[in-house]
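J.: Take a look at the letters that make up each chain.
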Amino acid sequence: MTLQRTTTFILICLGLIFSIASCTTVKAYQKGKLNDSEMELGARKIQKTEMSFQAYREGASGVNGGKTGGGCGCN
Amino acid sequence: MKKICLAVVGLYLNLVAAFAQTNTQTDSTQYKNRKLKLEEVNLVSSYYRQKGDNSAVTGGVGTEKLTDIANIIDVKFARYDKKFRKHTYSVELGADTYTSASSDKIDLKANSSASSHDIRIYPSLSWSVENEKKGTTFGLNASASSEFDYKSVGFGASFSMKSKDNNREITVKAQAYLDKVSLIFPIELRSGYVPGAPDRDHIQYATTPRKSFSGSLSYSQVVNQKLQLLFLLDLARQSGYLGLPFHRVYFNDNTLKVESLPSNRFKIPIGIRANYFLGDKVIIRSFYRFYHDDWGLTAHTADIETVIKLTPFFSVAPYYRYYHQSAVKYFAPYMAHTASDVFYTSNYDLSKFDSHFIGAGFRFAPPKGVLGNEHFSMIEIRYGHYIRSTNFNSNIISLNLKFK
Chain A
0 MTLQRTTTFI LICLGLIFSI ASCTTVKAYQ KGKLNDSEME LGARKIQKTE
50 MSFQAYREGA SGVNGGKTGG GCGCN
Chain B
0 MKKICLAVVG LYLNLVAAFA QTNTQTDSTQ YKNRKLKLEE VNLVSSYYRQ
50 KGDNSAVTGG VGTEKLTDIA NIIDVKFARY DKKFRKHTYS VELGADTYTS
100 ASSDKIDLKA NSSASSHDIR IYPSLSWSVE NEKKGTTFGL NASASSEFDY
150 KSVGFGASFS MKSKDNNREI TVKAQAYLDK VSLIFPIELR SGYVPGAPDR
200 DHIQYATTPR KSFSGSLSYS QVVNQKLQLL FLLDLARQSG YLGLPFHRVY
250 FNDNTLKVES LPSNRFKIPI GIRANYFLGD KVIIRSFYRF YHDDWGLTAH
300 TADIETVIKL TPFFSVAPYY RYYHQSAVKY FAPYMAHTAS DVFYTSNYDL
350 SKFDSHFIGA GFRFAPPKGV LGNEHFSMIE IRYGHYIRST NFNSNIISLN
400 LKFK
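Taken in order, these protein sequences are the chains called A and B.
Numbering that gives the first Met the number 0 numbers the first residue of the first sequence as 0 and each following residue consecutively.
Numbering that gives the first Met the number 0 numbers the first residue of the second sequence as 0 and each following residue consecutively.
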């Protein structure tokens, strides 16, 4: 059941990727807002220690820059 | 005749000068400083404190009190090579100093034993080379981590490719960690244990391996001038000793054993991140992750952060994170496991719970530098309060100083 859910979620994401792949092209000079340092996709340096304690205290990890195991005695 | 000659010479010189200027302009756009240059230095410090009453060291009951002071320094250098490719080098060193009331209970009679505190040191190195013309980046990294009962080395590689218009990017990564867990059992479960006798085996603990391998795929997409998305997928496999040897489990027949978990675990986290610039002063950063593994743990994480730019250089960012997980198949609380169980744990980090993490960040990055020092480019402070439905809570405050 859960494997089905994972597969469904992956398929939805793939569908979303293909549907947005034809988005309007944004030129370099139009990227003023996208280039703002707060718009950076990914976790910021200051969140590193937060993600570390979450990796210890929670069973799930990965994809947000948090480790998927190894390197510490966490899960 | 002289006038004509002078006019021709003048025109020729003008023409030469004009071409000379054109050539100079072309060269200036190609110019890249090839010397190794310090790009930035980041200092991250944090203070973390937690409280709870379900320590795995004492079988799912007992204090989880812990404090941790973490300090990380990260230095980044860059240079261009002859082919105008950008090489980036990063050196990072982290140190965690922690005290743990639950680890202290490896010896139940101890009061401030050797296990009550430790230091974890974790250096790492990374290198990447970016071909700006082709839009490709290749990177390698190596890391290590050392604390008294746990040693780890890690290495990885990554490759990313941007579309010609820089609106899409795909990245693949591979990462491996080779760890060694010291077999420090609860003192009463050690062979030859004599109550009241000193712990003579203190420096002779055997070790056992734990290996973690992961592959990651991410795809980013600029949707329009205000919205960009990032899709993430990891596939991770762990093998070896995946529990911790000092986690006690009390069974319903009053017997005591050390936590036992399968020697393999396969994890699939998948996530999406969306950042949206709302108007001119507000940025919404959001993240969702779905996680499933073959121990039966399914989790959902949803995170939203609203960055409000009070001035172009000062921003406040309140945030909220919700997390839910189901329990692993092998979890049961204190004295609930039966003798027929093959795998068993009373670690509440693997139990069913919800958690809420709420806080705010403050970021100050003036164009002339913090306190007028042009090299001190940014200061950021972030506080968070974490509440878990298993009667556990913690607080964390972090500081990031950036120098350029």
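Calculated directly from the structure, the hints in this document are not laboratory data.
One should not assume that every hint holds.
[As the list claims (entries may be wrong)] Listed next, the in silico EDC-like pairs over lysine to aspartate or glutamate satisfying Cα-Cα at most 20 angstroms (straight line):
| # | chain 1 | residue 1 | chain 2 | residue 2 |
| --- | --- | --- | --- | --- |
| 1 | B | K280 | A | E39 |
| 2 | B | K367 | A | E37 |
| 3 | B | K403 | A | E37 |
| 4 | A | K44 | B | D73 |
J.: Give a verdict on every hint.
T.: Evaluation of the provided hints:
1. The suggested pairing of B/K280 with A/E39 holds, with an alpha-carbon distance near 16 angstroms, which does not exceed 20 angstroms.
2. For the hint linking B/K367 to A/E37, the alpha-carbon distance of about 19 angstroms falls within 20 angstroms, and the restraint holds.
3. Proximity of B/K403 to A/E37 is assessed by CA-CA distance (about 18 angstroms); at most 20 angstroms being required, the pair is judged to hold.
4. A threshold of 20 angstroms between alpha carbons decides the hint, and for A/K44 with B/D73 the separation of about 9 angstroms falls inside it, so the pair holds.
Violated hints for the displayed structure: none, as all numbered hints are satisfied.
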